[in-house]
Structures are given as structure tokens and as C-alpha cells.
Amino acid sequence: MATLHTVNKSPFEKSSLESCLAHAKDGSAVLLYEDGIYGAVKGTSIADKVTAMGGVKFYVLGPDLKARGISEDKLLDGVEVADYAKFVDLAATNDKVQAWV
Amino acid sequence: MSEQIKKFMYVNRRAPYGTIYAWESLEVVLIGAAFDQDVHLAFLDDGVYQLVKGQDTSGVDMKNFSPTYQALGDYDVTKLFVEKESLEERGLSIDDLMPLTYEDEDDDWAEKDSITVVSRAELADIMDEQDVLFSF
Amino acid sequence: MKFAIQVNEGPYQHQATDSAYQFTKAALEAGHEIMRVFFYHDGVNNGTNLTTPPQDDRNIVNRWSELAKKHDLDLVVCVAAAQRRGIVDEGEMQRNGKSAENIADGFRISGLGQLIEAGIQSERLVVFGD
Numbered sequence: 361m362a363t364l365h366t367v368n369k370s371p372f373e374k375s376s377l378e379s380c381l382a383h384a385k386d387g388s389a390v391l392l393y394e395d396g397i398y399g400a401v402k403g404t405s406i407a408d409k410v411t412a413m414g415g416v417k418f419y420v421l422g423p424d425l426k427a428r429g430i431s432e433d434k435l436l437d438g439v440e441v442a443d444y445a446k447f448v449d450l451a452a453t454n455d456k457v458q459a460w461v
Numbered sequence: 007m008s009e010q011i012k013k014f015m016y017v018n019r020r021a022p023y024g025t026i027y028a029w030e031s032l033e034v035v036l037i038g039a040a041f042d043q044d045v046h047l048a049f050l051d052d053g054v055y056q057l058v059k060g061q062d063t064s065g066v067d068m069k070n071f072s073p074t075y076q077a078l079g080d081y082d083v084t085k086l087f088v089e090k091e092s093l094e095e096r097g098l099s100i101d102d103l104m105p106l107t108y109e110d111e112d113d114d115w116a117e118k119d120s121i122t123v124v125s126r127a128e129l130a131d132i133m134d135e136q137d138v139l140f141s142f
Numbered sequence: 295m296k297f298a299i300q301v302n303e304g305p306y307q308h309q310a311t312d313s314a315y316q317f318t319k320a321a322l323e324a325g326h327e328i329m330r331v332f333f334y335h336d337g338v339n340n341g342t343n344l345t346t347p348p349q350d351d352r353n354i355v356n357r358w359s360e361l362a363k364k365h366d367l368d369l370v371v372c373v374a375a376a377q378r379r380g381i382v383d384e385g386e387m388q389r390n391g392k393s394a395e396n397i398a399d400g401f402r403i404s405g406l407g408q409l410i411e412a413g414i415q416s417e418r419l420v421v422f423g424d
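Protein sequence lines correspond, in order, to chains A, B and C. In our numbering, each residue's number is its place in the first sequence (first place is 1) plus 360. In our numbering, each residue's number is its place in the second sequence (first place is 1) plus 6. In our numbering, each residue's number is its place in the third sequence (first place is 1) plus 294.
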């Protein structure tokens with residue numbers, strides 16, 4: 361089954377992103393939103409762990425990036441910016457949603 | 007109560023008492039038991055602490071809800087998965103956990119362990135098989 | 295797609311209820327069905343009619359009430375969690391001898407069975423928490 365994993369907490373505050381990455385299977389998608397967007401940024405201490413997940417597609421919620429003043433050029437390669445409509449679409453097209461709070 | 011049977015997983019990642027999530031998620035499990043779904047409980051990250059034996063809350067004056075885990079077997083909630091790496095990272099082993107059991111009516115009411123310790127990779131597979139996941 | 299939404303946190307303290315609201319709104323705009331929005335843990339605090347947020351910021355409770363009215367949404371506040379946190383409707387007020395009721399428009403108090411049912415009957419459950 362293809363799962364949409366959602367992560368809404370900063371990887372520097374909580375281990376939720378790390379735990380998500382440790383359980384996400386190839387073919388799944390991960391959406392970083394709210395404070396979770398910081399996990400999509402280049403050059404952080406968790407960046408290598410994110411980029412190592414070759415079989416997982418990453419999305420970051422644009423409105424949450426903008427709210428926090430993080431510009432898209434700061435994002436890791438391959439992370440796609442999504443809006444709420446895309447979030448809904450991802451939830452619908454994947455088989456289920458797993459929230460890592 | 008319903009014709010459709012889904013694979014339900016309740017995901018527990020937090021320690022007991024510091025926040026209410028552990029207790030209130032257990033309340034969902036108990037109510038949910040009446041709906042005859044295929045129920046799985048996952049304990050990973052700090053969620054493994056919920057099952058540690060010998061909880062005594064008298065000094066903090068909070069309700070000790072750990073006995074409720076013992077009752078799960080009577081509610082036909084028998085599939086509790088505890089993540090091995092989460093235990094090890096916290097210096098725990100299965101011996102530190104409550105011995106939760108159920109009586110298997112399909113096997114002459116033999117007493118069986120409700121807890122299965124699984125690896126991170128195995129738990130990822132089990133999660134992948136679920137239809138609905140509840141996070142608290 | 296038939297969605298069920300679970301909101302685990304209260305208004306303003308966490309962004310969870312904001313994200314849930316934006317998701318719900320986007321889903322409705324895309325023509326999807328929102329079967330139920332279930333408020334659990336501190337999420338029940340989204341259902342009080344006693345908030346007076348500053349005028350220059352969003353009114354989270356009213357926003358939910360208005361969305362519910364516009365789209366005939368089922369906003370359910372868990373009774374057990376509500377009793378702990380003081381979200382009260384007429385029935386709860388009488389039953390528990392409380393001096394007032396404070397449930398906001400469009401919300402109703404009901405049991406955890408409503409969450410389970412939502413998990414069974416919906417095609418996707420999306421949880422917003424902390």
C-alpha cells in the first residue's frame with residue numbers, strides 16, 4: 361500500500377520526522393507541514409537522512425514555508441512544494457494517511 | 007455492529023502521565039473494541055514506556071491506568087506490537103514490561119501473550135498493511 | 295473521496311486546528327466529502343462559544359461554525375474529553391449539575407464511537423495533532 365506520511369513538528373524539536381523516515385516504505389510520500397517544513401531545508405543536521413530516502417517522494421507545504429520566511433531556494437533538491445489542494449490530493453491518491461505528530 | 011472489517015492500528019509514541027495522550031488513546035481502543043474491527047496496537051518511540059510494569063502513581067496523585075492494559079485481552083484486543091529498537095534505545099527489554107495475556111477461545115482458552123516484540127522493519131511492514139491509523 | 299478528520303489540539307495553542315480547517319476547506323472545494331470532523335484531547339476546546347480572540351486575528355471557533363453551516367458538516371466533540379475540559383451542552387449541563395453550557399454553534403457532543411465509526415465508514419482518516 362502507498363502511504364502519505366505527514367510530519368508537522370520540527371526535526372530539531374522532536375524525533376517525529378526521524379521516526380517517520382525509519383518507518384516509511386519505498387513508494388510512499390512524506391508531506392512536511394507546519395513546523396515540519398524545517399525538515400525540508402538544505403544543510404541541516406537531518407538533511408542527509410532525508411536525501412537518503414531515495415524511494416520516498418517528499419512534499420513541503422508552501423503556505424507554511426512562506427509563513428516562516430523560508431524561501432523555496434533553501435529547499436533540498438527533489439522536495440516538491442505543495443498547497444492545501446495538493447495536500448488533499450495526496451491524501452486521496454495514496455491509500456491511507458499516517459500522521460507523525 | 008458493522009459489516010465492514012478494516013485493519014485498525016492505534017499508534018502509541020508517547021510516555022504515560024506526562025501528557026494525556028496515552029490514557030485517552032486507550033479509551034478509544036476500549037470503545038473501539040465493540041466495533042469488531044481487526045485491531046492492532048503499536049508501541050514505538052516513547053510509547054513503549056506505557057507498558058512498563060510496576061507503575062505507582064500515588065506520589066503524583068494521578069490515576070494509575072496501567073491495569074487497563076491487562077483488561078485489553080478481555081476486549082479481544084490481542085495484537086500489541088512493541089518495537090525492539092525503541093525498547094533498546096531506552097535501555098529496556100520485554101522483562102521490564104507488563105506480562106499482558108489473553109485467552110484464545112480458538113485454542114481451548116489457552117493463555118497467550120498479547121505482546122509481540124518486533125523490529126522496526128517488521129513494524130513498518132505491519133503499518134503498511136493497515137487500512138486506518140489513529141495517531142494521538 | 296470520503297474523508298474523516300481528527301483534531302487533537304485546541305485553538306491557538308497549536309496550529310493543528312488551523313491545518314485541519316484549511317485541509318477541510320480545500321477538500322470541500324475540490325468536491326470531496328467530509329464525513330465528520332472529530333475533536334479529541336484538547337481539540338474539544340475548539341467547541342467553546344466563550345472565546346474572544348483579538349479582532350485582528352482569525353476567529354478559530356467561528357470559522358469552524360461557519361464552515362459547518364455552509365457545508366452541513368458534522369463537528370463532533372468527544373464527551374469524555376469534553377467533560378474533563380469543561381465543554382458543555384444543555385444535556386451535559388443538566389446531567390452533571392453545571393451552571394452553564396458553552397458549546398459553539400455547529401458542534402455537538404457525542405461519544406468516541408463516532409470516531410470509530412468515522413474510521414470505518416470513511417475512505418481516508420486524516421489526523422491533525424501535536
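No lab work stands behind these hints, which were simulated from the structure alone. From a predicted model like this one, the values you see are computed outputs, not experimental measurements. Hints should not be assumed to be uniformly reliable.
[Said to hold, decoys possible] Here are the computed lysine-lysine pairs in the DSSO-like style, where the Cα-Cα straight-line distance is at most 27 Å:
{"id": "1", "chain 1": "B", "residue 1": "69", "chain 2": "A", "residue 2": "385"}
{"id": "2", "chain 1": "A", "residue 1": "374", "chain 2": "B", "residue 2": "12"}
{"id": "3", "chain 1": "B", "residue 1": "59", "chain 2": "A", "residue 2": "374"}
{"id": "4", "chain 1": "B", "residue 1": "12", "chain 2": "B", "residue 2": "118"}
{"id": "5", "chain 1": "A", "residue 1": "446", "chain 2": "A", "residue 2": "409"}
{"id": "6", "chain 1": "B", "residue 1": "12", "chain 2": "B", "residue 2": "90"}
{"id": "7", "chain 1": "C", "residue 1": "392", "chain 2": "A", "residue 2": "446"}
{"id": "8", "chain 1": "A", "residue 1": "385", "chain 2": "B", "residue 2": "85"}
{"id": "9", "chain 1": "A", "residue 1": "417", "chain 2": "B", "residue 2": "13"}
{"id": "10", "chain 1": "A", "residue 1": "426", "chain 2": "A", "residue 2": "402"}
{"id": "11", "chain 1": "A", "residue 1": "446", "chain 2": "A", "residue 2": "402"}
{"id": "12", "chain 1": "B", "residue 1": "13", "chain 2": "A", "residue 2": "385"}
{"id": "13", "chain 1": "A", "residue 1": "417", "chain 2": "C", "residue 2": "363"}
Each hint tested on the structure:
1. Between residue 69/B and residue 385/A, the direct Cα distance comes to roughly 38 Å. Violation of the 27 Å bound is thereby established for this hinted pair.
2. For the given pair, residue 374/A sits about 31 Å from residue 12/B by alpha-carbon distance, which is inconsistent with the 27 Å threshold.
3. Only pairs whose Cα atoms come within 27 Å are accepted, and residue 59/B paired with residue 374/A is accepted, the gap being roughly 26 Å.
4. Annotation: proposed proximity of residue 12/B to residue 118/B holds, straight-line Cα distance about 24 Å (limit 27 Å).
5. Between the alpha carbons of residue 446/A and residue 409/A the distance comes to roughly 24 Å, so the proposed pair stays at or under 27 Å and holds.
6. A distance of roughly 26 Å separates the Cα atoms of residue 12/B and residue 90/B; the hinted pair therefore holds under the 27 Å criterion.
7. At roughly 44 Å between alpha-carbon atoms, residue 392/C and residue 446/A are farther apart than 27 Å, so this suggested pair is violated.
8. At most 27 Å may separate the alpha-carbon atoms for a hinted pair to count; residue 385/A and residue 85/B meet this at roughly 22 Å.
9. In summary, the hint linking residue 417/A to residue 13/B is supported, as the alpha carbons are separated by about 25 Å, within the 27 Å threshold.
10. Annotation: proposed proximity of residue 426/A to residue 402/A holds, straight-line Cα distance about 16 Å (limit 27 Å).
11. Taking the CA atoms of residue 446/A and residue 402/A, the gap is near 23 Å; set against the 27 Å cutoff, the hint holds.
12. Taking the CA atoms of residue 13/B and residue 385/A, the gap is about 18 Å. The hint holds against a cut of 27 Å.
13. The suggested pairing of residue 417/A with residue 363/C is violated, with an alpha-carbon distance near 37 Å, which exceeds 27 Å.
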